[in-house]
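So the sequences go chain by chain: P and U. The working numbering puts the first sequence at residues 1 to 438. The working numbering puts the second sequence at residues 1 to 438.
It cannot be assumed that every hint is accurate.
Which copy is meant is left open, so a pair is good if it fits within one copy or across any two.
Unchecked claim - In silico SDA-like links for lysine to any residue, alpha-carbon gap of 25 Å or less:
#1 123 / 390
#2 371 / 237
#3 371 / 55
#4 101 / 147
#5 123 / 11
The hints are simulated quantities; they were obtained by calculation from the structure and are not laboratory data. Predicted model only: the values in this text are computed from it and were never measured.
Protein chains: 2
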Amino acid sequence: MRLSRYFLPTLKETPSEAQIVSHRLMLRAGLIRQEAAGIYAWLPLGLRVLKRIEQIVREEQERAGAVEILMPTIQLADLWRESGRYDAYGPEMLRIVDRHKRDMLYGPTAEEVVTDIFRGFVKSYRDLPLNLFNIQWKFRDEQRPRFGVMRGREFLMKDAYSFDVDEVGARKSYNRMFVAYLNTFSRLGLKAVPMRADTGPIGGDLSHEFIILADTGESQVFCDRRLVDMPAPGPDVDWNDLQSIVDQRTALYAATDEMHEADRFDAEVGEGDRLTARGIEVGHIFYFGTKYSKPMKAIVAGPDGKDVPVHMGSYGVGVSRLIGAIIEASHDDAGIIWPEAVAPFDVGIINLRPNDEAVSAACEDAWAKLKAAGKTVLYDDRDDRPGGKFATADLIGLPWQLIIGPKGVADGVVELKRRATGERETLPLDAALQKLTA
Amino acid sequence: MRLSRYFLPTLKETPSEAQIVSHRLMLRAGLIRQEAAGIYAWLPLGLRVLKRIEQIVREEQERAGAVEILMPTIQLADLWRESGRYDAYGPEMLRIVDRHKRDMLYGPTAEEVVTDIFRGFVKSYRDLPLNLFNIQWKFRDEQRPRFGVMRGREFLMKDAYSFDVDEVGARKSYNRMFVAYLNTFSRLGLKAVPMRADTGPIGGDLSHEFIILADTGESQVFCDRRLVDMPAPGPDVDWNDLQSIVDQRTALYAATDEMHEADRFDAEVGEGDRLTARGIEVGHIFYFGTKYSKPMKAIVAGPDGKDVPVHMGSYGVGVSRLIGAIIEASHDDAGIIWPEAVAPFDVGIINLRPNDEAVSAACEDAWAKLKAAGKTVLYDDRDDRPGGKFATADLIGLPWQLIIGPKGVADGVVELKRRATGERETLPLDAALQKLTA
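For reference, chain P alone in the conformation it holds in the complex (with noise of 0.2 Å):
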């Protein structure tokens, strides 16, 4: 992409409004722009972030067995008095009343519409397990929606919700979602550990939290401190036999806020282990047997003929959150500095005199080069000053910068520098892009 024809509108100065340095820099580099409270539009940048997030997400969803469907925003209020939740869920539910004076609901999350969806067409425990996703925009009317898109009204979630006949199956398929999101989280460069959780207004006797570790976190947490750099299980486990894995995770201490009691914390945990810290919620899953499937009537015929309500339950990654969330654990004071996985480009070409034909020339063939190797190339060709420059490339936080001016030109070398290191090397075009393409 030619930066001239693009849309990177970055800002100089700091926003007033934002409290922490994720909302700081998503503003300054022209990731987001606020609508309303809470409410934000994603800018060229932001959006290819959050579709590349998406699509990592939803890959190790697809690696769990869960299958995609996408579910309307717009739900039934009717569906929420079944299962007891629409005077139950309070003023975060955005209540809306369509021109015919029916009762409607921006949907906050969809327990009770995929459970609509399920009672509607499977009637055999033959079709179970079944595991449905979905990647969709959800509305939260929070009191105060802050910290930018890691406390906003309308965000984007993935949730999937799963069926079986009975609590043996549905811990199996808890189990699956517990190593998906292991392995989700690892792919977009964070170290998450999963912690007891309360079950809030999902319900639910079994639930965990996946939590990272940032000072700007938004609730207390306490945990062994062994479980932070526990590598993920990856994809070459056995899908159908994951508690052993689980277990290795949840026989060391881990809860947040509400679920902590110091007496097992200090009995469990070795002094030199025990870690408090604050931390940021980037996916949450829950058991919750037959809290939905009873009241919708959500029944299968058993092995046995009988008629049995499904267990079933719930799994959401904030997808739209992840994004603050990855800045928080990466970023310095120049700007963002972008996990390669979720990078809204590979690479930023830099030209410093657009005006040379040469440089040009130099800028475009290694464009090309890239391309055709399948990097994503941001290509700086506005007739700016470098210094300008620098500082945006900084701010947006690419993982490479290829720098070509006209002193390199004539020498037949380029400079590329690393933004995470920040480490700089000057060698031909063709050293460098062995390098990025390597």
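We have chain P; now place chain U onto it with these hints.
Just chain U now, with coordinates in the frame of chain P:
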């Protein structure tokens, strides 16, 4: 994808509420499920088609130079008060009050939001032309939603918005979208005719609808027959000079009902070329000058340093409605016939005897080879009778069916059926694979 682990809830009976064939087939083939009047959940097969269409639309927008953003679904009423449309829009606008008693709405379109984004950042003619597009869910609270996704309330729309310093520039932007639309619909396997159209609530003085002809079309259209088979310009046009391509089409008579002039039709079109038919609108483009930029003060400094309101156009494609339109244009008594470009899977493998090890091994082998060749496969491995499998395969309309049974495996052959023609051929597996991957 293994059908036994997929979620494809087909219906045997024709749903009585569906009045047109595309709606009936979308319900029967398990593409969608109605959640409320005019509001649908997208089931796995339908979502795959939706995503393929979305991607083709995106690629052609980008080819024409438009840059993707994503605007929120919920908008501030105050923005619509600025443009004067808040009171004008009528009951089709879904109006919402949030917990702080602020007037909001679910966007039926986004001229106001995008103008607000534009004016927040762009200050000079040097940053123009600019075209920002967005593929997002919209809501129009139709009095009588019907025809499935063809006239739903919650629907997926691609909407692009162009910004130019003057009318000359704006007409160039209009032409780029005009040509992008011809190419988009052609890639989708549709013959879409641009027709002079009424501008409705968007406003402006230049507008074309892109219409495909179908007996079940919602409106009467009148055009020169020669427009229907005029080939699309394709990607290799001179994007900076498209006037002749546009002129070639607009020189021939084509108008929707509201814009039709019977005298002109008779005078300008030879009797043998006069076509009166029903049509389905799949795209609509507008040039409306300064209608929004003036009241909303979207102003840039022109080349002479003086401030001017920008000239704008907007360009819509009904992404979800296109699925209905494609089915209206491409089906038979047995079911859907997907054009290859949008088919949810390229090939369906039908295992005639899943309990036979040799047959299953041949199916798995074929699947692996197709996958290696980059083809997507839906493998019907269900323990079901051949008749039911054939009916499902025809109903869901994948372009190719690869039928593998015990007799064929013994003889070293498979059967290959082309859905569009019904043509069947018995041949060795390798020859079939060669045909499918040619």
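So, going through the hints one by one against the coordinates:
| no. | hint | result |
| --- | --- | --- |
| 1 | 123 / 390 | between (61 Å within a copy, 23 Å between copies) |
| 2 | 371 / 237 | between (34 Å within a copy, 22 Å between copies) |
| 3 | 371 / 55 | both (21 Å within a copy, 20 Å between copies) |
| 4 | 101 / 147 | between (35 Å within a copy, 22 Å between copies) |
| 5 | 123 / 11 | between (56 Å within a copy, 14 Å between copies) |
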